[in-house]
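Engineer: These are the residues of each chain, in order.
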Amino acid sequence: MWADMVEAGRTADFRAARLGDHATSQAWQLLYGGLMSAHDDGVVLRGDPTFTPRVTAVTPADRPVAVSIVDCMDSTGWREYSAATGTLRDDKPGGKHHATATVGLLQGAWKVTQLHVDGVGTCT
Amino acid sequence: MHLTCRSSPSERRSGGGGRHCDGRRRVRRGQRLLTGAATFCFVCVPASAAVADDPLNRVICREVFRPGCDVHAGTPQAAGMQTTTAGPGRAARRGRAGGAGVERVPTCGTPSGTGGPCSGPGPAFRGADGCYYQPASPSAQVQAALGGPGEGPGGWYEYACSGVTGAGGGLRWVADAARAAVPVDPAAPARLAVSRLDLPALAIGMSPTGPQLVAVPMWLWIEAGSWRPRSATAQVPGVAVTAVARPSRVVWSTGDGSTVTCTGPGTVWTPGGDPAAPSPTCGHTYRRSSSGSPGGTFTVTATVSWDVAWAGGGQGGTVPDLSTVSTVAVTVTDMQAVVNR
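In order, the protein sequence lines correspond to chains A and B.
Residue 106 in the numbering used here sits at position 106 of the first sequence, and the numbers go up by one each step.
When you read off a place in the second sequence, starting at 1, and then add 1000, the result is the number in the numbering used here.
So the derived list for chain B, only partly shown, Cβ under 10 angstroms to chain A, looks like this:
1) 1053
2) 1055
3) 1150
Some residues of chain A that are not near chain B, with every Cβ distance over 10 angstroms (derived):
4) 22
5) 52
6) 55
7) 61
FYI, nobody ran anything at the bench for these hints, they're computed from the structure.
Glycine included, C-beta positions come from ideal geometry on N, C-alpha and C.
Chain B with its partners taken away, still in its complex shape (with noise of 0.2 angstroms):
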């Protein structure tokens, strides 16, 4: 916890000539005045650079407690779409662009470290400032540091904001009737929604099994039992959100150089069936054998596109797809060289 250095507006303004750090204020919304600099200490700035009516004092960031200023906050790191290796029956789940301003699914961190998923339990509430608030009992020092509870009802709340870029989070004061005033906003709930969908890598089938032949049609489908929608639900207080993720297309990739995108889950060969035609929705022909390749084999990567829409709170919207990688190795093999074996 960042107690170390902290000012706010009321003490800049009261700050007459010269510098202000005295090692005392008062509190700012009670009426205790506090000595003791041992317990908590300032940002020293120059009264000459605290203007006493910009509004843009207040959206400077002098405290990590102040919404938006926190430590944790700007990290694309912490704020964890979790992306494994594609490897074969692994699945690699990961928005379809990537990079800066990209909407990604945070998990929330909180001022203690500890990483979770964006609600708490029993009393704990989602502000409309995008964060969740849980009670907690900070230290009378803690307190006065951070100003001292306000007047009326409250109580103090260790919060947890969740964003596109970044989680932070923090310790505040937060008013009962203020609290009751904040509307559900289902965003975050959906976010979380979409995060709790468990997609797996869909199997892959393909005809002939085993070893392919060169210039014989091959066969690409996603097994018809896998090729179903996922959905998961999170629920904060006041709201319910569930998400859908529909499997949607897949780009095959041949391992040849080739690639190949199906919109939909492809036709499975079935026996008997004319094994020199081409499949009627989603197959390749190699034109070469894999026996210059690594290991002797192409790898055949199957990229399946989720379309992922969430509903609740008396809302719904989309997020980016999501995809993900189910990869199989295959021999491919000339015949000639068969026959000439």
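So here's chain A without its partners, still in its complex pose (with noise of 0.2 angstroms):
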């Protein structure tokens, strides 16, 4: 899923059809909609966040549907540049977020279903 939202932020391609293939519901629209107001404010992503995710719980553990997973993101290395003129929007990179999703099998397809992202230094 951040895969996609990585390659379609590189255009703030809010409606790149790959952003619905890892993620539905409250994940995509909130991916959808941070990709259109980059759009908005004419500025692309560019680079790439890391990743620690962790499972917290397989529902039900023999035949799962549901997976929460949680996570230590780190944007410094994913920042945001003037899609006019290339450069960087400023001069502050991001830093670790917590962040929490449950990835649901959906129609024979896993895929997000919730995403919750909290503010920079909320983990180390």
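Join the two chains into one complex using the hints; note that each chain is given alone, in its own frame.
Structural biologist: Structure follows, in structure tokens:
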């Protein structure tokens, strides 16, 4: 899902079909809205965030249909650039964000259904 | 409507040091400078926490109007596949599997709290974000709190989103150009069509009729007239989708601890047939009487699985099975007891 977001973010293409490849529902809306706001602001996203995901719950354990994940995302290397000039918007990089996600098995495909990202500095 | 506390990346960026909460802000896309904090207020965030070029700031829910951030989101109860208690003559429909991450058929909530189907009248439209948009006329204060109207032709819309685990919505400005570019996705009308399927509890047939006898084969079937597909259609501007449900199998619980799975409606017993012969397709033979059961009867439950498929908008697909439940109480008598009485 984040790889789709990063790729679509390089052109702030909020209508990118691949955004729905691994995300749906609220998670999809969140990414869509985030890219749309970047598009509106004339911003593109370059670089890559890094992840340290950890599974916190698998339900039900024998035949899972939902998996809960907690992550400490690091957005230091993923930044916003002006689409017009290609210059960094600012010289203030991001940092580590606590994030949670729920991945559901929907018609044979695993997709992130719920996503919540906290502010910078919320995990170590 | 929650207009109380809101901030935007542009506000956070504009903060110098310390906290940014001066009750004034520049309208994001407009040119007016608004004053008067009474009409709206901000989330006061320390400027140090507001990193200017961190893309993740765009997916952090600090405002309920951001897509995916609505306060209505994330409540499975809001996405209602209606479930009723099973009983004689009543249908209980449900997905085959329940729980988190399983597709449910949603109804759309709106910010005003009125639930309803996922479509709107007249010029409402469906966006690529999975939401339905209906024209709205927010007050000047509300418009200002939302950042003012965008440039060029467009309008304010109240939107309602349906999803797997909940419904969300809000109010936002949509440019006509953006609206025209939004492709119609049949997934949501497909869900709506599925939700409109009116699957009845199918009529149970059994032989012998009335009380059953221990050791005498009981034939079980679903009445032929009711074993047929049901369909429903949903239409939103730009696409119509039809969902079809076909009964596929029946799991019979006979009340004595036995379960019989039949891949069809079963065979209707015809008068003149051998009463001692078991059904060629679907039946059960009781080995004990129901006298020891509550009420002196066994409850026979027929759980019918329906294969559900949809087609429309040049696409098609399936959704998890639906099921309906029919029940009937039967008295099972031990022939020996009858003889001894």
